[in-house]
Amino acid sequence: MNPFQLTEDQQDCLQELINVAMGQASDQLARYLDTFVYLKVPSIESVNADNLSRSIDQHQATVAVVSQGFFGYEGIRGEALLIYQDEDSERIADLLGYEPDELSQDEQLIDISSILTTTFLNVFASQIDNQMSYSAPKLLPSSQNSLSTHLEQMTFSWDLALKVNIHYQVTDYSFNCNMVLLIPETAINNIKVVLDRILEEF
Amino acid sequence: MSPSVLICDDSNMARKQVLKSLPEQWRDNVQTATNGAEALTILRGNTIDVLFLDLTMPGIDGVGVLQGIEKLNVNCNVFVISADIQPEMQSKVLNLGAKEFIRKPVKPDVLQNHLQEHGLL
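Residue numbers (my numbering), protein chains in the order written: chain A, 1 to 202; chain B, 1 to 121.
Since the hints were derived computationally from the structure, they do not count as laboratory data.
Here are the simulated lysine to any residue pairs, SDA-like style, with alpha carbons at most 20 Å apart: (1) K92/B to F36/A; (2) K92/B to Y38/A; (3) K107/B to S126/A; (4) K16/B to Q15/A; (5) K40/A to D12/A; (6) K107/B to Q15/A; (7) K20/B to L120/B; (8) K20/B to E201/A; (9) K92/B to Q169/A; (10) K20/B to Q112/B; (11) K16/B to Q127/A; (12) K92/B to D172/A; (13) K107/B to I198/A; (14) K138/A to V180/A; (15) K40/A to Q90/B; (16) K107/B to L199/A.
Kindly produce the complete structure, drawing on both the sequences and the hints.
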């Protein structure tokens, strides 16, 4: 049971909107990297702020995180985190076929993250007749606790959030990344209104 | 007589979207499956003329269903309706015998045009 009390229909509707957005984001990634992206069913769960930073912090030493805020009409907003393992960020230059020094690894990570985030969220928004704006993507410093500090300093305060986790897996190169969307509780209430509006059509 | 139809998708909303996109006279003879294993069970025990098939599902996915259909050697018109629109996936399912790839969310006019193209309407 999730504390937002999404009904079964609301959860199903949200999941389907996410599937369509995920499909188009991976299509963009596949074209950008000229490869195939293997898709799994995304997970949707509720998290509280403490648990979240702890669960991601466990891998702190080995990950690169790019974070980007998004906000649309009707009070829909959140934060998108693109999470890479170290070995994956090191493979990026190979994947992109860049010469050394052509573009820094940080810039490459930000490029890929932006493609995934903006494609996903634009498609998600268009399905609910909304439109998203974005803050500049930010590569978090790889120091200890930078993610939890970042989460604490986000422009919206939250205790509970809906966490959508999408795994993008490039099979040819064993490159993986996770897209985690955090939607704070106030925005969830707004999304529920939108979901009900869509469900009324059925 | 309207053809027997099977809609396989793990999302209730997606199944309803397909159902609502069908020609009206088709809607009485429709079965549904919420995953690939259920779909294959139904395909084994029934004659299904048209299958509308999702790809990304837990357990046996849409590609698994297409491979299962090949093994079962059943004659069934499969229309894949998926959010996984990568060109490589589209050609993969067409090679596995699907008649068409239709992108989600499905629209009635698009779906019915495809049925017409394949002489089913």
